[in-house]
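There are 2 protein chains.
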Amino acid sequence: MTLIDKLNWRYATKRMNGTKVPQEKIDRILEAIRLAPTSFGLQAFKVIVVEDPALKERIFNEACQQPQIKEASHVLVFAASKNISAEQVNDYMNLIATTRDIPVDALAGFRAAFDGIVAGTPEQNFVWTARQAYIAFGVGIVAATNEDVDATPMEGFSTEALDKVLGLAEQNLGSTTILTLGYRDESNDNLVHAAKVRKSKSALFEFK
Amino acid sequence: MTLIDKLNWRYATKRMNGTKVPQEKIDRILEAIRLAPTSFGLQAFKVIVVEDPALKERIFNEACQQPQIKEASHVLVFAASKNISAEQVNDYMNLIATTRDIPVDALAGFRAAFDGIVAGTPEQNFVWTARQAYIAFGVGIVAATNEDVDATPMEGFSTEALDKVLGLAEQNLGSTTILTLGYRDESNDNLVHAAKVRKSKSALFEFK
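Each protein sequence line maps, in turn, to chains D and W. Going by numbering that gives the first Met the number 0, the first sequence opens with residue 0, and the numbers climb by one from there. Going by numbering that gives the first Met the number 0, the second sequence opens with residue 0, and the numbers climb by one from there.
Pulled out of the complex, with its shape left as it was, chain D reads as follows (with noise of 0.2 Å):
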C-alpha cells in the first residue's frame, strides 16, 4: 500500500478489540515522533506512553469514558511546555553543542533568538509549544499508519483533569492531545465502513 492507500485506510477507531501492538512498530511509532521537525527543534513537549491498565482506566474517566481508551494497547499522551524558560533554552542549547560538537559559545547567536520567547508570557508559550506537539502528533498518526496500526486521535477529554492524573503540572506541562494506538474492533465499531468526509481539492487549496 502507498502512503496515500494507508492514510484512506485510517480512520479515528471508536473501538479496538484489545490486542497488543508489537514492541518493534511502538518504538517506530515513537521513534518517528522523536524525529519530528518543531519550530528551532527545541521540541517543548513530552509524550506520555502508557500501557498500564489501572492507569488507562483513570484517563477513560477523563475522556468522557471513550472505550478506545482501555481498548488500545498504548495510549500517548501529547503533553507541552506550559511555559519556556532559560534554562531549558540552554540545556538545548548544550544538547545542540555535544551533538555537533561544537563550543556552546558558537551559539550565541542562535541562543538570541529565543529571547522574546523567553519573556513572553506562559499564555503565548503555551500556544506555541501546543503547536509544536501536533506537528509530533501528525507525524505520529501518519508513523502509526505506515506501521498497519490504527490510532484514534482525541481532544475530548478534560485537559486539567488529566494533568493531575499525570502529574504534569509539577513538570511544566500541559496535555493537549491523545493518540491510541490498536487494533479496531471491525465487528462493533460502526465507523468502520463509513465513507471518509474530506473537503474537495479545490476546497481546501488555494492555487496561486
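The hints are simulated quantities; they were obtained by calculation from the structure and are not laboratory data. All values reported here derive from a predicted model rather than from experimental measurement. Take the hints with a grain of salt, since some may be wrong.
Which copy is meant is left open, so a pair is good if it fits within one copy or across any two.
Derived lysine to any residue pairs resembling SDA-like cross-links, with alpha carbons at most 25 Å apart [to be verified]:
no.	residue 1	residue 2
1	Lys69	Ala105
2	Lys13	Asp147
3	Lys55	Pro66
4	Lys198	Gln170
5	Lys5	Leu34
6	Lys69	Pro52
7	Lys24	Asn7
8	Lys81	Ser38
9	Lys198	Ile116
10	Lys200	Met92
11	Lys13	Glu56
12	Lys24	Lys198
13	Lys13	Ala112
14	Lys69	Pro21
15	Lys24	Pro121
16	Lys5	Val191
17	Lys81	Ser157
18	Lys81	Val126
19	Lys198	Glu23
20	Lys81	Glu154
21	Lys81	Arg99
22	Lys19	Gln65
23	Lys81	Ser199
Add chain W to chain D, keeping to what the hints say.
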C-alpha cells in the same frame, strides 16, 4: 528507505536549488494533507499553494528574506479559520450527509457538539483551528519526505503581512505556518551535513 530512514534524511532545508518538483509528487503531498485528520473532521483551514515567482518574492519579503522561499518549487501557506461560524458547521454537516448518503437531520446530535465552539471567541477558535492546521502540516512534512522531496517548516514570517499579501483576512483565515517544497542545494546549505539534534528517547517519553 524506511519511513525512519526518510525522517533521518530530512532536515529544515535552508537553501534549495530551484528544481521543480514533479506534479504527481505535489499531488500526492497535497492529497496526504487533504486526508489528514482534524478535530471533529471539520478541516477549518486552507492551504495556499504558491508557484508564481512574483508572489513568492512578496512572501520572501515578509519572511525575513529567507532564500528557500524563492528557491523552492512550491510554497505552501497553512492558514486556519479565524473563527468558526454556524454556516461553516452547517456546510460540514451537508458534506457528511452527501458523502455518506444520509439525511442531514440524522446528524443533529453531532451538530450540537459544535454549539460551544461556535459560541467561543475568535481567539479561542483560532487557538484550536491552528492546532488542527498543524496536524495537516505534520502530515505534509512526512508526505514530502516520503516522496524524497525536501521541505522547510517555517514560522519566521509576519503573519499579519502575509495575510494581506494572500488576501486571507477576507476569507476569515489567518496564516499559521509555511512549508516550502523543493530540493536541497547541497553546495550552499551549510546545514546539509549537520548532525540531527533531538532529545533522547528517555528525555522525550515517559513510560507508565
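Requested in this report: If any of the earlier hints don't hold here, list their numbers in rising order.
Outcome: 1, 15 and 21
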